[in-house]
Amino acid sequence: MVILERLQELLQTPLFGTSLSVGNLLWLVVILALSVILARLTVTNLRRALENRMSKNELEILLKLIYFTIVILGVVIALPNIIADLSGLLVAGGILGIIIGFASQSVVSNFVSGLFLMVEQPVKIGDNVNVGSISGNVEDISILSTTVRTYDGVFVRIPNEKVFNSDITNYWANVARRFDYAVGIRYQDDAGKAIGIIKNVLKDHPFVLQRPSPTVFVEELGDNGVNITVKIWSPARVWWDVKIELLWKIKVALEAEGIEIPFPQRTVWFPEPLKMEERQKVPHEKG
Amino acid sequence: MKVEKSVISQRGKIVVCPIEPVNLPEKVATYMEIDFDPLFLEPFSKTTIYLTFPIEIGVFVVAKKDIKPLDVFSFIPQKYSLYGPSNGGVISRWAYSPVYAAIPEVNPFECGVMQLTLHNTTREWVEVARALFEAYSMKIYYSDELVSMSAIMRILSSKTAETEFFKEPLVEGMKKAIEFYLGRDIPVVKHNGMMEWGLV
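Chains A and B supply the protein sequences, listed in that same order.
In the numbering used here, each residue's number is its place in the first sequence (first place is 1) plus 620.
In the numbering used here, each residue's number is its place in the second sequence (first place is 1) plus 146.
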């Protein structure tokens, strides 16, 4: 009984000279902890249930929204328990507020930028992007920062404010993209035949899009050979794989038909025939 | 490419059946587009044609209502296309088909037959030369001789249309194929193919 009475006394002990008691504070901590646990449990179960049914980007935004909603609800529920005369804290709180305000300026800026990024969605999780000088795949877009995994596997955390203010190139924002090749052939080769062979190679590749159809044409009569330009549309998600695969296939197909890639060459014309023998005699004459 | 996987099971079954043809050589699309010779449809008309569509075959392990894919293969080459502009259009598995007035004879391991009802709901003549279908709503049926789908294409204007699949086999006695894309779908959302970028 004595212990209980002492515990009750302890719980009713006012804090910082206000009517806020230790019990109120404990209750606040318990409710907040419970809301965080509930939020995490909900998010974990929802992620498991929805991971195959929604795109990763939409799922992550939804889960973050649910997580913070539950936590904020917890705060709202807990607040009446600490409604007390906080006037004693006002002066200290005011000064502290100014200090925190200055200190958290960049945090707030990143937070607001993060909200704008989530609404505007110039990049999504999984996208292939270039933000400022950083290129790679977007791993996560959180409230304060965006995580990018560069092509060589390096983790880069970019503050959302920087992402928001940077030039963003999103290679996956559009579903298809075009890439070009320049293929040179010798002057004695038949350019029409070469174009036909290249078109056949492109026709056989599943990811060279049927529409817009690829374009193959003689672009230039160059110094060393005839330059053929090949313009190919491919799904944005696989364009790089297609690009590195196709050029060699084109080269092999052309060579199989006797059409070769020209080497740099120069034809030099002399006004008079070369006199090699006479030049060789010169040292003997001098000696 | 040869695929070898060991399945440890006591009551599991292996099911081999045709699936939505949007998985090979890798998954880049959830739509299938069929080009056919141009057809002119009179106002407020309804006509039925038969088209062929490419087949992909799925190998699944099935046990206690859970289905896991083991492999997907095909006997025909794949081709993809872009329906619409690159910013707003969709990547689709592409195929060409002649237009048939009756069920054509095809190799069921390579091609299926689609019964397509063309419904011109407009008050003008409309030219149609392609149809776009959403993989999430495909209903494929199969037997030893035939793989089939039934669909309708509602033409809403000279440039827009909507496609929808029917849950019915082309010939009685056909089995329903496993819906590879149903499991990833949200059941309340209706997936119809919307053609907003032209019908020719």
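Think of the hints as simulated: they come from the structure by calculation, not from any bench.
Even glycine gets a Cβ: it sits at the ideal position worked out from N, Cα and C.
It is possible that some hints are incorrect.
Label pairs and their in silico Cβ distance ranges [claimed, not checked]:
1) A:Tyr791 <-> B:Trp343: 38 to 46 Å
2) B:Thr263 <-> A:Gly842: 54 to 62 Å
3) B:Ala209 <-> A:Asn794: 55 to 63 Å
4) A:Ile864 <-> B:Val153: 55 to 63 Å
5) B:Lys322 <-> A:Phe688: 37 to 45 Å
6) A:Tyr791 <-> B:Glu291: 42 to 50 Å
Hints versus structure:
1. A:Tyr791 <-> B:Trp343: 38 to 46 Å: Cβ of Tyr791 (chain A) to Cβ of Trp343 (chain B): about 22 Å, so the range 38 to 46 Å is violated.
2. B:Thr263 <-> A:Gly842: 54 to 62 Å: holds, 55 Å
3. B:Ala209 <-> A:Asn794: 55 to 63 Å: For Ala209 (chain B) and Asn794 (chain A) the Cβ distance comes to about 42 Å; the hint is violated.
4. A:Ile864 <-> B:Val153: 55 to 63 Å: 35 Å Cβ-Cβ, so the 55 to 63 Å window is violated.
5. B:Lys322 <-> A:Phe688: 37 to 45 Å: Between Lys322 (chain B) and Phe688 (chain A), where Cβ atoms are some 43 Å apart, the hint holds.
6. A:Tyr791 <-> B:Glu291: 42 to 50 Å: holds, 46 Å
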